[in-house]
Amino acid sequence: MRRLVILFLLLAGLRLILPLGDPGRGSQWLLTLGFLILAAYSVGEVAVGLNLPKVVGYLVGGMIFGPAGINQVTAEATAALEPVSSLAIALIAYLAGAELRWEEVRERWRDILRILTAELGLTLLLLTVLLTALGNRLPFLEGLDLISRIAVSLLFASIAVIHSPAVTMALLSETGARGPVARTTLGIVLVADVVVVILFTGALAIARVVAPPAAAGLGGPGLGTITWELGGAVLVGSVLGGVVALYLRFIHRELFLFAVLIAFAGVVLARLLHVEPLLMLITAGFVSENVSLPEDGDALRNAMERSADPVFVVFFALAGAAIDIDIIRQTLPLVVPIVVVRAVGLWAGTRLGSRWAGTPEIGRYVWTGLVAQAGVAIGLAKVAAQAYPDRGLQLQTIFLAVLGINQLVGPILFRRALARSKEAAADPVAVPAGAPGR
Amino acid sequence: MTALILLLVVAGSYLAAHVAFDWIARRYRIVSGAEYLVLGILLGPQLSGLLSPDTLTSLNPLITLALGWTGALLGSQLVLPVLVRIRGWVYRVAFVESLITLVLVTAVELFVLSWTVGLHARDSLVPALALGAMATVSAEAGISVAVRGRGPRDPLVRQFRVSVAMNAVVAILAFGLMTAIVHPAPTLITRAPTTTEWLVINVAIGLVGGALFHLFVGEERKPDRIFIAMVGAVVLISGAAAYLRLSPMIAALVFGMILTNTSRRSSELQAALARVERALYFVMLILAGALWTPSDREWLLPVVLFLGIRALAKTGGARLAARANGRLEELGPNWGRGLLGQGGLALLIGLNYLQRPDLPVSNIVFTAVVASVLLTDLLSARFAQSVFRPESTLAPKPGPAPGSDPTPEAPDEPASPALSGEGPAPAAERGT
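So the protein sequences, as listed, match chains G and L. Following our numbering, the residues of the first sequence are numbered contiguously, the last one being 448. Following our numbering, the residues of the second sequence are numbered contiguously, the last one being 851.
If we strip away everything but chain G, and leave its shape as in the complex, we get (with noise of 0.2 Å):
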């Protein structure tokens, strides 16, 4: 209570300086960056009063201070602060590579590969038929017979199937959590944003032949540029990783700084090289942890955790400044089955898959932490909607409703269910680095 009277008197404070300022420069944008930080940060606080993660909280005053909320953080500051939201996701995308250990992959793959088949399969079945159903009540699929109906709906649920490593690897620093059920969802998370990438290429490639664009849109992606996309970004971070491991075996100096450096130089060589950067920066985050001796990868994931915190406040404050309530109120009708069908296919998909992969036990948790969407779905959104200009930006825009959703109630779930499955640390800061399951 007492930080959200200092912000308030913070908020009144900026709004008494504005006058007398000079817009230019940049220099508001920094002031807007500093005061959504600590707003954030003081809405965090509140949620884990509340029982609530912490990633709620930040996503909550990136709402309330963004554009749909006081206008504090206006939509245009959102856009400027986007280098600092794709730094952010870098170094994420690159710690949750870290996370993973070589071992463990070979331990669990299969586990992971069952239930990642058995989840994404159903999702996107039953979201399929659910959005075929709906038919003329979607903006996006009136007026369309059913084949392109049905190819129209896979497009779309080859999107909402999607997941998010950013709010996974939050509630895991957040929680602490170690288990079996938080490394067997981190595992799925990750690898599903791979597979989701080719379902979509493949839905849209299927969508543009039974239901073609009535007007010229910028076309999809094709099979040689979906490959070189992932295969590129998969070599990339693999040589990047292996620079990573050779600087932490030969120099070793300035950690913090080299962490930063490594997040920047993902972003910057996905773009230039048109490779999926967040894919990149899982590989290198897995290839330099695994390459380099247990002591020098634990010290740069270390380097990277000190500044993991700081960044999650970013990231999910901004994304939050970009949640629309007012597309989602007008939508809810809509997207609230879209919702609840996902989540039942998650639920239904887990189940399946954990008794197929024979540990039926973590199938009841694992499903909460496949809820949260952010990022990469994002991104597919925009480009079914440049695909399909007459009809794609109804598509985002539902899209957009069912993702505010999920990133609000998604983090809620997977830290009840961290908590039931006792994998939560009582303490999270007490959990030593280097400790076993890191």
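None of these hints come from the bench; they were simulated from the model. Check before you lean on any hint, since a few could be wrong.
[As the list claims (entries may be wrong)] Here are a few chain G residues that sit away from chain L, every Cβ distance over 10 Å (derived from the structure):
{"id": "1", "residue": "G23"}
{"id": "2", "residue": "R147"}
{"id": "3", "residue": "D319"}
{"id": "4", "residue": "W357"}
{"id": "5", "residue": "A397"}
{"id": "6", "residue": "I422"}
[To be verified] Listed next, with one range per pair, are the computed distances between beta-carbon atoms:
{"id": "7", "chain 1": "L", "residue 1": "T476", "chain 2": "G", "residue 2": "P399", "range": "44 to 54 Å"}
{"id": "8", "chain 1": "L", "residue 1": "T615", "chain 2": "G", "residue 2": "L283", "range": "26 to 36 Å"}
{"id": "9", "chain 1": "G", "residue 1": "F260", "chain 2": "L", "residue 2": "S805", "range": "48 to 58 Å"}
{"id": "10", "chain 1": "L", "residue 1": "T615", "chain 2": "G", "residue 2": "F18", "range": "56 to 66 Å"}
{"id": "11", "chain 1": "G", "residue 1": "G368", "chain 2": "L", "residue 2": "T681", "range": "52 to 62 Å"}
{"id": "12", "chain 1": "G", "residue 1": "A90", "chain 2": "L", "residue 2": "T681", "range": "26 to 36 Å"}
{"id": "13", "chain 1": "G", "residue 1": "I335", "chain 2": "L", "residue 2": "R504", "range": "54 to 64 Å"}
{"id": "14", "chain 1": "L", "residue 1": "Q465", "chain 2": "G", "residue 2": "I261", "range": "48 to 58 Å"}
{"id": "15", "chain 1": "G", "residue 1": "E305", "chain 2": "L", "residue 2": "P472", "range": "58 to 68 Å"}
{"id": "16", "chain 1": "L", "residue 1": "K641", "chain 2": "G", "residue 2": "R426", "range": "48 to 58 Å"}
{"id": "17", "chain 1": "G", "residue 1": "W112", "chain 2": "L", "residue 2": "P472", "range": "22 to 32 Å"}
{"id": "18", "chain 1": "L", "residue 1": "G468", "chain 2": "G", "residue 2": "K432", "range": "55 to 65 Å"}
{"id": "19", "chain 1": "L", "residue 1": "P472", "chain 2": "G", "residue 2": "R426", "range": "45 to 55 Å"}
Quick caveat, the model's predicted, so the values are computed rather than measured. Every residue gets a Cβ at the ideal spot worked out from N, C-alpha and C, and that includes glycine.
Model the placement of chain L on the given structure of chain G, informed by the hints.
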């Protein structure tokens, strides 16, 4: 493409510094830092053009953040309980030396700039004062190389540390005063604030920010949470001061000082600030090099005189200050040589000057500080070493001179982080 280049610049300079320069520094007693600056110049628009002016302009907020961060770190080192344990004459010597350098360089540059560049006397006061402020700054990097193996209670070591901190504070205040004096009128209000009001606003940003942050952090003990709040507060305070076209360093200095003196967790706060400062410092050196542009006006005389008068003011001023306080024998006649290193804070002030396009002869001002950093980084360790000749340090401790403070040294003088050099003092170590 520019982003990739920036990345390569940073990575390359980083490797250059830590692989090659470390070796050279150890072997030839050269203080690390200049190599980043040279690399920045090589890759900036003046030489290779790999870093475009647009890219450099877009990094303005980063410079502002670095200014604020350094100011906050410096402020956090001013721990009052420690400061009051230092004898008064140490401050007097430091302050007199700072003032002599500030006044002398400002006065000479005021005259030279009016004469060579043809500025009106009132207009040349601004760059002259900026140059004076930059000249006042001393780096501790060279001193740190020279004092290895000596305890923090060595009178000369202690004097150096206090002088370096005093120089930094005087320089920041002088430059902040200048930004308050030469302040463009805001367009959205009917009456523009006066200089005094701007100065009060500048200090108030730090004061209010520090007080609110103290309440905000409360009894928080977890370093990660303190770090998040600290990042937000420094970004906010720096952004607010820069938005008002005031000095982010003054605001952050006050902020840091309040924080460290009101919080029970001052060591955690200092550590949190020090964690990022080093990374920012390296990036700033590269940016400073890249942003340097040679002046097409009469720059040679002001720059050469800046170097010469500064050296004179530092050595002569230090001797004068020691003599005036009856400590000449204790500190030695040439102790001011140890203060010749220029360092990162001066560069940051120069960058702050560059951020204000309305200020005159920014190229000359910046050229002077870049030249000074390049030159003194190469020589500062040797200069400092020359002060610590065996005969000067191993001589029996002289009694107090007539008229000096006869009180014996307090036995518990600062074994403290900031001014004793035992704790995280990166700003002082490398720049201030």
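Hint numbers not upheld by this structure, sorted from lowest to highest: Structure breaks hints 1, 3, 7, 8, 9, 10, 14, 15, 16 and 17.
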